[in-house]
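*Asks:* For chain A, the structure is supplied; the task is to place chain B with the ligands on it using the hints.
Spelled out, the chains give:
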Amino acid sequence: MLDTVLKGKQGYWGWLIFLLAIMGVGLGCYLYQFQEGLRITGMSRDVSWGFYIAQFTYLVGVAASGVMVVLPYYLHDYKAFGRITILGEFLAIAAVTMCILFIFVDLGNPVRIMNVLLYPTPNSILFWDMIVLNGYLLLNLFIGWNVLSAERKGTHYPSWVKVLIYISIPWAFSIHTVTAFLYAGLPGRHYWLSAILAARFLASAFCSGPALLLLLCLIVRKVSKFDPGKEQIRTLGGIIAYAMLLNVFFFILELFTAFYSQIPGHMHSFQFLFSGLEGHGRLAPWMWTAAGFAFVAVLLLVIPATRRKEDTLAIACVSVIIATWIDKGLGLVIGGFTPNPFGRVTDYWPTTPEILITLGVWATGFFILTVLYKMAVSIKEEVGA
Amino acid sequence: MGIDRRAFLKIAGLSTILGLGGKAAFDILAPGELEASTNAASPGAGKRWAMAIDARLVDDKVISEATSACHRHHNVPDLDSAKEEIKWIWEEDYEHSFPGHQHEFVSDDIKHAKFLLLCNHCSNPPCCRVCPTKATWQRADGIVMMDPHRCIGCRFCMAACPFGARSFNWGDPRRVTRVPELVAKNQGFPYNKDYPTRAKGVVEKCTFCVDLLEKGEQPLCMTAANKVKKGSFTFGDLSDPESPIRSLLRKRYSLRRKFELGTNPNVFYLI
Ligand code: SF4
Ligand code: SF4
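Which chain is which? The protein sequence lines are A and B, in order. Counting in this note's numbering, the first sequence runs from 1 upward without gaps. Counting in this note's numbering, the second sequence runs from 1001 upward without gaps.
Among the hints, a few may not be true.
[Unchecked claim] Partial pick of chain B residues on the chain A-facing surface, computed with a CB cut under 7 Å:
| id | residue |
| --- | --- |
| 1 | GLU1085 |
| 2 | VAL1130 |
| 3 | LYS1134 |
| 4 | TRP1137 |
| 5 | GLY1153 |
| 6 | MET1158 |
| 7 | GLY1231 |
[As the list claims (entries may be wrong)] Footprint (simulated), chain A over chain B, 3 or more residues, beta carbon under 8 Å:
| id | stretch |
| --- | --- |
| 8 | 1090-1102 |
| 9 | 1141-1152 |
| 10 | 1160-1174 |
| 11 | 1200-1213 |
| 12 | 1258-1265 |
I should point out that these hints are in silico values taken from the structure, not numbers from a laboratory. All figures in this text were calculated on a predicted structure; none of them were measured in a lab. Using N, Cα and C, we set each Cβ at its ideal position, and we do this for glycine too.
Chain A extracted, bound-state conformation (with noise of 0.2 Å):
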């Protein structure tokens, strides 16, 4: 299948070197790095965990958000995402290799990273994250692999196989949820010691994928024959309807318990973000532009007209990006480690370094992401699909 890959017009060219440079830039950055340590980040001792972590998190949810394709079809046997099934395994095999990705440049020391294998340590939460991770990664390469080579052959995948696309949709929400487990029980952090962070980080991961996917689907409709079909679109469109309102719903349940109850630590972190603390208020414009397209995409999304409409659903989605990769690839971690323990606040900012290390690993995830999705449409195209 892979001959699919190596042919291409133009621009599918243009595009991949395109990112070629752009991982070339990152992964100059991370030699610096590796050299250096991670003193080049804007990294602290208050604020040990930056913008890599943050970004991990967000695509954690974004590669969980494939099941909202997978499950509607497998489950309930809504043909018409039998089309596109493929396009949301392909996103997730994509997201999970940048998580690990941002995981390994985040470490102090990527060389041992083998230790978490060779000393198994099962009440850490990263040992079961790095489980549900990879495994996800192999089941999603699996089954893409599998139903895609069937199709090209006109055959049936194999019967194992429907076996693990059952197993990858429960999958799917653990590993969002393990990795929402990761900040949830860490006692001291108010911001993340809540019992809806899990439900809240899925929320946020079916909105936000499935807008990203929808994106992707009309980008494959304008650049090949192959056309992921109106009624998927709009199906999709109804899904991220929903979840961005249990998003943003589940966000203001926080707010209130913070506000209503008017406990300082639970406030703090809340104040920190929207109006600044002790003077620091970097992140207050970024959390009301978040709010501000948060806004803007729920009035769209629940209107009907805008929602069926496909390019006010585009801006949507594109404010669904928006507002989500605020709130998790930026907020979520900062917000967590400030004030400090001892009731400080440090700021911090990526620098430029990291910011580039950051796009190199986002540039790899497109560069997959490009080739996977080359893949699945020219043989859907093949097929006549």
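*Replies:* Here is chain B with the ligands on its own, set in the frame of chain A:
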């Protein structure tokens, strides 16, 4: 006891695997059995080391002597950067040592008191619970250890410690002997040739001077502090009802940082 010893060890072991925390399970299933069952092999078993610091006696001199004794013995470099700071024991005011406790009418002596903060060697340490490689772990005597040769630098333990007791080597700490601006501040580094320096990318923190305890000596901060102000520091075994620290705690009112989080800190502040 309605449950035999073998069975409860099994349940306790199982609940540890399930992440419920072996110690907690022991406490519920068979209070007091933990000591007996872990005594066998591990060093210091049966003890529970703790420190009491008298806030009334801590002054600038005590602080500087105690911190420099610790940091010189353990080769803790001065990196001249708040962002990269490494510290095992350090000064903090009341408000930030006990955030949430201060109020505007607190007595003057408390408001202006100085506290020395360090790892609490918590009896129920979240840092050890989260470490994916067992690079930080708890000895039978309660001391929370760090293995800088195993640590992968994920910094999960730093997120889990609610006391800010852990420092990370963001860069190579040994550069203080090379980088001109740092050389002056670190004349003679490594100060203690018998104690290892760390490499970049690992976490470190106070060890209660476990190397000295094993030789029957006392933690260095305490020795240094007591030279300045006798009785400012007391160190001992909480499991021994006759130990000086136990009798001191019986007599004086003490605070622990963030006791409400259930980590069970073993550093007490007498006020
Ligand atoms: S003070 Fe922090 S580092 Fe020390 S034992 Fe307690 S949780 Fe662990
Ligand atoms: S940074 Fe090191 S000691 Fe801390 S949790 Fe990670 S591996 Fe364990």
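*Asks:* Now look at each hint and say whether the structure bears it out.
*Replies:* Each hint tested on the structure:
{"no.": "1", "hint": "GLU1085", "verdict": "holds (6 Å)"}
{"no.": "2", "hint": "VAL1130", "verdict": "holds (5 Å)"}
{"no.": "3", "hint": "LYS1134", "verdict": "holds (5 Å)"}
{"no.": "4", "hint": "TRP1137", "verdict": "violated (9 Å)"}
{"no.": "5", "hint": "GLY1153", "verdict": "holds (2 Å)"}
{"no.": "6", "hint": "MET1158", "verdict": "holds (4 Å)"}
{"no.": "7", "hint": "GLY1231", "verdict": "violated (27 Å)"}
{"no.": "8", "hint": "1090-1102", "verdict": "holds (count 6)"}
{"no.": "9", "hint": "1141-1152", "verdict": "holds (count 3)"}
{"no.": "10", "hint": "1160-1174", "verdict": "holds (count 11)"}
{"no.": "11", "hint": "1200-1213", "verdict": "holds (count 4)"}
{"no.": "12", "hint": "1258-1265", "verdict": "holds (count 4)"}
Consistency with the previously given hints fails for numbers 4, 7, ordered from lowest to highest.
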